[in-house]
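Asker: Line by line, the protein sequences give chains R and L. Once you know that position 47 of the first sequence is 51 in my numbering, the rest is easy, because the numbers rise by one and skip nothing. Once you know that position 58 of the second sequence is 1442 in my numbering, the rest is easy, because the numbers rise by one and skip nothing.
Since no wrong hints were added, every one of them can be taken at face value.
The calculated SDA-like cross-link candidates involving lysine to any residue, where the alpha carbons are at most 20 angstroms apart (straight line), are:
#: 1; chain 1: R; residue 1: 361; chain 2: R; residue 2: 350
#: 2; chain 1: L; residue 1: 1541; chain 2: R; residue 2: 253
#: 3; chain 1: L; residue 1: 1541; chain 2: R; residue 2: 135
#: 4; chain 1: L; residue 1: 1541; chain 2: R; residue 2: 184
So these bits of chain R aren't anywhere near chain L, every CB distance computed over 10 angstroms:
#: 5; residue: 154
#: 6; residue: 240
#: 7; residue: 273
#: 8; residue: 278
#: 9; residue: 312
#: 10; residue: 453
Worth flagging that the hints you see were computed from the coordinates, not collected in a lab. Just so you know, even glycine gets a beta-carbon here, dropped at the ideal spot from N, CA and C.
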Amino acid sequence: MNADLAQLIAVLPHDDSPEQELQRSIPTGRLARLWTLGTLQAQIAAAYGAMWVRSFFGGADANARQLVETHMATAMRLVGGMLYLRGAVMKIGQALALYPNLVPEEIASTLAQLHFNAPPMHFALVREHLCNELDRELGEVFSEFDEHAFAAASLGQVHRARLRSGERVAVKIQYPGIAQTIRSDLRNLTAVLAPLRFTRDWENLSAQLDGIRDVLNSEVDYEAEAKSLEHAHSLFTAGDGVIIPQVFRELSTPRVLTMEFVDGRHLDAWLATQPSQSERDAFGAKLYTIGLRMYYAGRCAYADPHPGNYLFRDDGRVALLDFGCVPRYDDDAWALLSEMDAAFYRDRDNMRSTVAKYCDLSQDELRDESRMALVEESFRWALEPLHHRPFDFGNGEHLRIGIDIMARAIAKRYTRAHPTQFYISRTLLGLRSLLYKMKARVDVREIHARELRATGWPWVDEIIRGGGQL
Amino acid sequence: MRVTAETKEATRQAILDSTLKLLREDGWPNVGTREIASEAGIANGTLFNYFPTKEAIVGTLVANALAEANEAPRTGGVDEQLFALIASGLRRLRPLRSFLPFVVDSILAHDGDRIRQEHLSQVDRIVERPLTPMLRHLYWSLYAGVITFWVADPSRKQEDTLAFIDQSVALFIDAIRRKESGT
Ligand SMILES: Nc1ncnc2c1ncn2[C@@H]1O[C@H](COP(=O)(O)OP(=O)(O)OP(=O)(O)O)[C@@H](O)[C@H]1O
Ligand SMILES: [Mg+2]
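Excised from the complex, chain R in its bound form (with noise of 0.2 angstroms):
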């Protein structure tokens, strides 16, 4: 090896970098490491590569060229893996977190931290990224802007800045290129499942699969974000004191979303300040109608009810920020999922039959007894708030029970499920977890009966005039 090379090694970083250690110790197994295969990394590497060679080691043996290219690889492996890593740690990082008794407790708080540590663009890059999507020079359009990011987004950061026009606005930057990565790696996703491709399930898998596919491709484009903001926020009346962002759509792009700016306190701060159960309960009353309100009226999934995603203010109001996850039901599913409601509430005489068909079952699963069984506990356990006026959501047994259904099911490999149920069970415990630590009591029944009546299902009215089973 020429001494030039030799020297030139030595200042690339190595496999045993700290960086690299720092990747290691972070514990999110296959779905993270599919993330490093990011199309952009190979041709950085390949352009660098070329580069290299030619221009320095033209004259050099076969074998130290080779030599060379493999630390080239390696460095950006390095570099590149370390930031595109972010986003799908810190995704799979709060999806865990929701469910505290799945991993322990260690594991939990160090992956829900992960969602306020993500790595800065610095504004350099941030301005000329934000140039080039809103196509004009910042001054142009902000009379202020925060240099300096005053929270992480798991694909980017959020800034603060004020428009010309005066309004305050939060401006959410997704690092760039990050897009394009995930996607690429979404669609090698069915090709590392390949195995499976022999199993009876797995064309029910993979239809659940392209669902979750589907959120996850929408959830990198800020412009469909902004779109279920607009539909979120035309939902709400004054009257329930809850703020969705307004969205400024001419200033916003699939990388760049500006919005109102709205204050409060994440869950965390807020219940530091030791709020009264009054008030506990006053804001649970309004999580759970954001939940129901969405489902009903808006056919959607609020499916990211992760803590961070609320803003609990001091004059009563609470705000929902994030919008990247909020699946929306077409008229196939939503004609499934109403025949699902009604034997819920209603026919539980034809709930087998309704369930099997939600879950395309076969005649023998139908015949399973302990299967069915299970089905029928998670309904009740789904139902077993409406039992309670108020039901208190501080008492930790029902989410533990909830959990347990959820992880005997998976144990089981009762897998076959209809392609919206993933999003449907994460938003339902989600919606309880964060609940639960609130300790906050809610009149379930109350707010079913009238968001109930929004979809206009005829069998609703008779059910709360009855007094039936709702």
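Dock chain L with the ligands against chain R, hints included.
Answerer: Showing chain L with the ligands alone in chain R's frame:
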């Protein structure tokens, strides 16, 4: 004498302007020195007194664009300043981007001396220390990698290039640190 120097400079500029205009209108393969000379209103032979090849003319256009970027004021940390130096260079090069793929290699490898020296002196100023030949080479390779990537970057608004610059600058700063701490 003065008049001659001025005339010379004006001719030179006319050649540069004509080249840019023709290349943008007609594309790289359809523009030759003959077309450029006629657009600039000079004899074909006269053009060669100024530039030996079409590539050399474009090399000068590139060098001029980058020289403007070198003058832009910069603030912030070393990483930000390096990022801004590279990004503002690409911004100036944008009008030339469509035909850069045909010349980028030769500009960076052979005709790049002026570009290279001027750019590296900016880097020296930003990092506030003299760089070893090895670090200079590392920087230039990264920089050349960025430009090569950018001219062919198919991503939306060439956003991947921004990520690429950001990561390359981090790699370079990390290399300086390693060099200085002797690991
Ligand atoms: N309109 C807003 N007003 C005030 N703060 C905001 C606003 N939007 C976002 N934020 C702040 O930025 C943080 C991250 O925003 P958001 O949750 O939308 O990002 P995200 O990319 O969806 O991240 P994650 O997936 O990690 O939740 C919020 O927790 C909040 O602190
Ligand atoms: Mg969020």
